[in-house]
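*Asks:* If you want the building blocks of each chain, they are given just below.
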Amino acid sequence: MAILDHSAFEIAKKVQRGELTAVDVLTAALDHVAAVDGRPGTLDGGALSEEDQAKVHAFITLTEKRARRQAEAIDERIRTGENVGPLAGVPITIKDIYCVKDTPTTAASRILANFVAPYTATPVERLEAAGAVTLGKVNLDEFTYGSSTESSAFQPSTRNPWDPARVPGGSSGGSTAAVAAREGCLSLGTDTAGSIRQPAAFCGVVGLKPTYGRVSRYGLIAFGSSLDCPGPVARDVRDAALMLSVMAGADPRDSTAATLPVPNYLDGIDRGVKGMRIGLSPDYMHINFPDPDTGDILSQSLPDEIRAATLRAAETLAAQGAEIIENVSMPNSAYGIPVYFVISRVEAASNLHRFDGVKYGYRTPSEFRDLHEMYRKTRAEGFGLQPKLRILMGMYVSAAQYSEHYYQRALKVRSMIRSDFETAFDPGGPYQLDALLTPTTPTTAFKIADIYGDSVLMQYADQFTVPANHAGVPAISIPGGLSSEGLPIGIHLIAPDFAETTLFRAGYAFEGATADADWRKVKPRVLLQAGL
Amino acid sequence: MSDEITPELFTKLVDLAAFAFDPTEAAYLRQELNNQLKAIHQLEGVPLSNDVPPAAHGVTYTSESRPPLRQDHWGPCENPDEILAQAPQSEARYFVVPDIPHTELD
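Residue numbers (this note's numbering), protein chains in the order written: chain A, 697 to 1228; chain B, 88 to 193.
A portion of the hints provided could be inaccurate.
[Claimed, not checked] Cross-link-like lysine to aspartate or glutamate pairs, in silico, EDC-like; alpha carbons within 16 Å at most:
{"id": "1", "chain 1": "A", "residue 1": "Lys-1073", "chain 2": "B", "residue 2": "Asp-102"}
{"id": "2", "chain 1": "A", "residue 1": "Lys-1055", "chain 2": "B", "residue 2": "Asp-168"}
{"id": "3", "chain 1": "B", "residue 1": "Lys-125", "chain 2": "A", "residue 2": "Asp-989"}
{"id": "4", "chain 1": "A", "residue 1": "Lys-797", "chain 2": "A", "residue 2": "Glu-821"}
{"id": "5", "chain 1": "A", "residue 1": "Lys-797", "chain 2": "A", "residue 2": "Glu-760"}
{"id": "6", "chain 1": "A", "residue 1": "Lys-1055", "chain 2": "B", "residue 2": "Glu-178"}
{"id": "7", "chain 1": "A", "residue 1": "Lys-1219", "chain 2": "A", "residue 2": "Asp-701"}
{"id": "8", "chain 1": "A", "residue 1": "Lys-761", "chain 2": "A", "residue 2": "Asp-720"}
{"id": "9", "chain 1": "B", "residue 1": "Lys-99", "chain 2": "B", "residue 2": "Asp-109"}
{"id": "10", "chain 1": "A", "residue 1": "Lys-1055", "chain 2": "B", "residue 2": "Glu-169"}
{"id": "11", "chain 1": "A", "residue 1": "Lys-1143", "chain 2": "A", "residue 2": "Glu-1181"}
{"id": "12", "chain 1": "A", "residue 1": "Lys-709", "chain 2": "A", "residue 2": "Glu-778"}
{"id": "13", "chain 1": "A", "residue 1": "Lys-1073", "chain 2": "B", "residue 2": "Asp-186"}
{"id": "14", "chain 1": "A", "residue 1": "Lys-761", "chain 2": "A", "residue 2": "Asp-727"}
{"id": "15", "chain 1": "A", "residue 1": "Lys-1073", "chain 2": "B", "residue 2": "Glu-112"}
{"id": "16", "chain 1": "A", "residue 1": "Lys-1073", "chain 2": "B", "residue 2": "Asp-109"}
{"id": "17", "chain 1": "A", "residue 1": "Lys-797", "chain 2": "B", "residue 2": "Glu-169"}
{"id": "18", "chain 1": "A", "residue 1": "Lys-1108", "chain 2": "B", "residue 2": "Asp-138"}
{"id": "19", "chain 1": "A", "residue 1": "Lys-710", "chain 2": "A", "residue 2": "Glu-778"}
{"id": "20", "chain 1": "A", "residue 1": "Lys-797", "chain 2": "A", "residue 2": "Glu-824"}
{"id": "21", "chain 1": "A", "residue 1": "Lys-1219", "chain 2": "A", "residue 2": "Glu-1181"}
{"id": "22", "chain 1": "A", "residue 1": "Lys-1217", "chain 2": "A", "residue 2": "Glu-1207"}
{"id": "23", "chain 1": "A", "residue 1": "Lys-970", "chain 2": "A", "residue 2": "Glu-1019"}
{"id": "24", "chain 1": "A", "residue 1": "Lys-1219", "chain 2": "A", "residue 2": "Asp-932"}
{"id": "25", "chain 1": "A", "residue 1": "Lys-1108", "chain 2": "B", "residue 2": "Glu-131"}
{"id": "26", "chain 1": "A", "residue 1": "Lys-970", "chain 2": "A", "residue 2": "Glu-1011"}
{"id": "27", "chain 1": "B", "residue 1": "Lys-125", "chain 2": "A", "residue 2": "Asp-987"}
{"id": "28", "chain 1": "A", "residue 1": "Lys-797", "chain 2": "B", "residue 2": "Glu-165"}
{"id": "29", "chain 1": "A", "residue 1": "Lys-761", "chain 2": "A", "residue 2": "Asp-798"}
{"id": "30", "chain 1": "B", "residue 1": "Lys-125", "chain 2": "A", "residue 2": "Asp-992"}
{"id": "31", "chain 1": "A", "residue 1": "Lys-710", "chain 2": "A", "residue 2": "Asp-720"}
{"id": "32", "chain 1": "A", "residue 1": "Lys-1073", "chain 2": "A", "residue 2": "Glu-1063"}
{"id": "33", "chain 1": "B", "residue 1": "Lys-125", "chain 2": "A", "residue 2": "Asp-1150"}
{"id": "34", "chain 1": "A", "residue 1": "Lys-1217", "chain 2": "A", "residue 2": "Asp-701"}
{"id": "35", "chain 1": "A", "residue 1": "Lys-797", "chain 2": "B", "residue 2": "Asp-168"}
For the record, the hints were derived by calculation from the structure and aren't laboratory data.
Only chain A is shown next, with the shape it has when bound in the complex (with noise of 0.2 Å):
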């Protein structure tokens, strides 16, 4: 068994044991990297050669020599009988959206591409002060705008491992791309409106958006204060609790971070789901989406190969002892993404009018004749497309003369978001749920180029995922099958808050009980093709 196929709980174990070093899993990871990853995504990165189009493309930034200098930290600790911490010699990688000290942090964008980060974000710090190795930074939509890495700045972008022809999902398509290519065994990404779950679906991971304020956004450049959340990427649930488990907790330096004490998530995460109360709602089964000349939403059945996965998921843990809750009221779910596109719009303009070519990042090279044309040029040359669109919406909707009609009202309707979840979850309420089931994705892995650049449709990848973020609630996708074209389908769980528990219990159940189906055998087509 190569040394990547084992999860991060076991490779620490045996770091921590002897029976690896940390320096060996670096040499392993690193060569992994090489065998599957390509160039990484640079500025103006040209066209793309056959190879090109074959390979991953998650980094951005490798940063080996700092690796190894972790990894050898961290023998040497080992060496010294020191406690080197619970990841122990795992190698990580993390979405370039978050600050890591004397490393270059893009957000992909070029706006920031000189950037280096005088500081590191609080999760981050948390991870590497429990023995984890960062491999690098890993590619994103720019600023995270997006449901498919290919707004990048930095081409060329990710691609997805299953099928290099599609989309990895996003706006975390570099995380989740690389733990399912088995470049390095965890990946830090953030979650605004699904931009942990939507990729990992799409990837054939697991991937975690915890309640908010679970973990703290220190060094997290912010896209919606009050919907981003930090999140692990994984390859199997354990692995993401045990990464949360590293992360979460209290920071005095960020005001949103609960004070809440911290579980250890591995405890108790093998105890089943017998008794447990999971629901199923039709209000997440069906696709709605905007017609394009009228705006009217339009509806429609979900793909059979998605329904179907969800509904045999639901019958898997009714055969673990759980109990399926039929026709679950979530009503106000489905004005998730026009609620999206209001609130997180008005808090990206509002994060966004920091890059102005002053203080750190791009400053145009051409000419100007004042401040303000130095701004104009800075920012318009800086920024793509995506972080301009949302600049522009957010200005206009939480304008004095139209706040009311649109802001105001946005926050409302995510109240009653809010309300059916409480409701769900009410202990003395109608439905009494632990979880709710729903598929991940409306639909699997689409292919890169074909909704790039719509940017309404490609907002509607994110209509089962996005509520939870409204809501603040946990959510988790695990892999739930492959579609007959050999593409991953994710499964959706959603729990009250601070309930991570509840969803690494159910998500470990299901593994352990389709652990041998034969699904779970197949292998992303760039490893087969690496002969990995």
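Please arrange chain B on chain A, whose structure you already have, making use of the hints.
*Replies:* This is chain B only, laid out in the frame that chain A set:
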């Protein structure tokens, strides 16, 4: 609520956002903004009673989960040289910007 972002309004937003676009970019962006507005207009049909509060975020903070306020005191920056080194232009430990447009008052 059937607003549309007209070319005139678009120009005003672009100015406020400190952007500049060529005509092709401007046409694409305005079209996408109006398409997004069509989706947003779905919210018009949501029956909202007066007692529905706006939610600034989903999770409610309680006395157990809310961090205490920090002490209100200043401290020196730990690495000012690293911060200044990121600036496109600095001089004598100040950030340098071009002329700021201003109007002389009589």
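*Asks:* Decide, hint by hint, whether the structure agrees.
*Replies:* Each hint tested on the structure:
no. : hint                      : in the structure
1   : A/Lys-1073 <-> B/Asp-102  : holds (12 Å)
2   : A/Lys-1055 <-> B/Asp-168  : holds (12 Å)
3   : B/Lys-125 <-> A/Asp-989   : holds (9 Å)
4   : A/Lys-797 <-> A/Glu-821   : holds (10 Å)
5   : A/Lys-797 <-> A/Glu-760   : holds (15 Å)
6   : A/Lys-1055 <-> B/Glu-178  : holds (12 Å)
7   : A/Lys-1219 <-> A/Asp-701  : holds (11 Å)
8   : A/Lys-761 <-> A/Asp-720   : holds (15 Å)
9   : B/Lys-99 <-> B/Asp-109    : holds (15 Å)
10  : A/Lys-1055 <-> B/Glu-169  : holds (11 Å)
11  : A/Lys-1143 <-> A/Glu-1181 : holds (12 Å)
12  : A/Lys-709 <-> A/Glu-778   : holds (14 Å)
13  : A/Lys-1073 <-> B/Asp-186  : holds (15 Å)
14  : A/Lys-761 <-> A/Asp-727   : holds (14 Å)
15  : A/Lys-1073 <-> B/Glu-112  : holds (14 Å)
16  : A/Lys-1073 <-> B/Asp-109  : holds (12 Å)
17  : A/Lys-797 <-> B/Glu-169   : holds (10 Å)
18  : A/Lys-1108 <-> B/Asp-138  : holds (10 Å)
19  : A/Lys-710 <-> A/Glu-778   : holds (15 Å)
20  : A/Lys-797 <-> A/Glu-824   : holds (12 Å)
21  : A/Lys-1219 <-> A/Glu-1181 : holds (14 Å)
22  : A/Lys-1217 <-> A/Glu-1207 : holds (13 Å)
23  : A/Lys-970 <-> A/Glu-1019  : holds (8 Å)
24  : A/Lys-1219 <-> A/Asp-932  : holds (14 Å)
25  : A/Lys-1108 <-> B/Glu-131  : holds (12 Å)
26  : A/Lys-970 <-> A/Glu-1011  : holds (13 Å)
27  : B/Lys-125 <-> A/Asp-987   : holds (9 Å)
28  : A/Lys-797 <-> B/Glu-165   : holds (13 Å)
29  : A/Lys-761 <-> A/Asp-798   : holds (12 Å)
30  : B/Lys-125 <-> A/Asp-992   : holds (8 Å)
31  : A/Lys-710 <-> A/Asp-720   : holds (11 Å)
32  : A/Lys-1073 <-> A/Glu-1063 : holds (9 Å)
33  : B/Lys-125 <-> A/Asp-1150  : holds (13 Å)
34  : A/Lys-1217 <-> A/Asp-701  : holds (12 Å)
35  : A/Lys-797 <-> B/Asp-168   : holds (14 Å)
In the structure shown, no violation is registered for any of the earlier numbered hints.
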